[in-house]
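Undergrad: Sequence:
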Amino acid sequence: MGGTSSTRRVTFEADENENITVVKGIRLSENVIDRMKETAPSGSKSQRYSGAYGASVSDEELKRRVAEELALEQAKKESENQKRLKQGKDLERERALANEQLTRAILRERVSSEEERAKAKHLSSEFYKVTTEQYQKAAEEVEAKFKRYEAHPVCADLQAKILQCYRQNAQQTLSCSALADQYMRCVNQAKQSVIEKGG
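With the working numbering, letter number 9 in the sequence shown gets 16, and the count goes up by one each step, no holes.
The reader is advised that the hints may include incorrect statements.
[Claimed, not checked] Simulated restraints on C-beta separations:
id, residue 1, residue 2, range
1, Glu203, Glu150, 24 to 30 Å
2, Glu203, Gln175, 35 to 41 Å
3, Val149, Tyr173, 38 to 44 Å
4, Ala145, Arg174, 47 to 53 Å
5, Arg102, Arg42, 53 to 59 Å
6, Lys44, Glu99, 43 to 49 Å
7, Thr110, Glu148, 53 to 59 Å
[What the hints assert, rightly or not] As a list, the in silico SDA-like pairs of lysine to any residue whose alpha-carbon atoms are at most 25 Å apart:
id, residue 1, residue 2
8, Lys83, Glu121
9, Lys128, Glu116
10, Lys44, Ala78
11, Lys168, Thr138
12, Lys84, Arg71
13, Lys168, Val149
14, Lys126, Val137
15, Lys44, Ala82
16, Lys126, Thr138
17, Lys136, Glu121
18, Lys168, Thr180
19, Lys168, Gln196
20, Lys70, Lys83
21, Lys204, Ala158
22, Lys204, Ala163
23, Lys198, Gln175
24, Lys168, Cys183
Quick caveat, the hints were computed from the structure, so don't treat them as lab data. Cβ coordinates follow ideal geometry from the N, Cα and C atoms, glycine included.
Let's have the full structure, built from the sequences with the hints guiding it.
TA: Below, the structure is given as structure tokens:
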């Protein structure tokens, strides 16, 4: 270190597929190497090595720069991870809020639907009650206008006797003529009494 030259050699290799250089097992992108070239001091104390890209840097300087670049990359990754984590939390919070709002909307809709159903049921029962009352009132009015007449059989006892006589004397119907005569007089008297009452 210091005034003596370092015996350690730094080798550069280029990756075939990508523009990445491997220095002592550490992969460096071309951007990193370009930045190291731009800031490389041209001091005469340190031993210089020429690489594939024409850069000449000391072993210590290279280590320091690699460490700085790695620290910058690590800080950048951590910053990106923090941003992603924050975005994920924000997204989760928004999703939870949206779910809560949706749940509230569904509950409001259910309550509204239940209220509408109860209202419809109440209106239906009120309508039934009113129509039943109106029907009952109309029926009572009709009954009041048109009296019911109760009809009782006229001369029912004589009618029963005549029927019995005809059954017993199916071949001699003239035997029942006296009963038939009484029945006809009874019917005529009933007609006359109805006419006299005015009904």
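Undergrad: If any of the earlier hints don't hold here, list their numbers in rising order.
TA: 5, 8, 11, 13, 23
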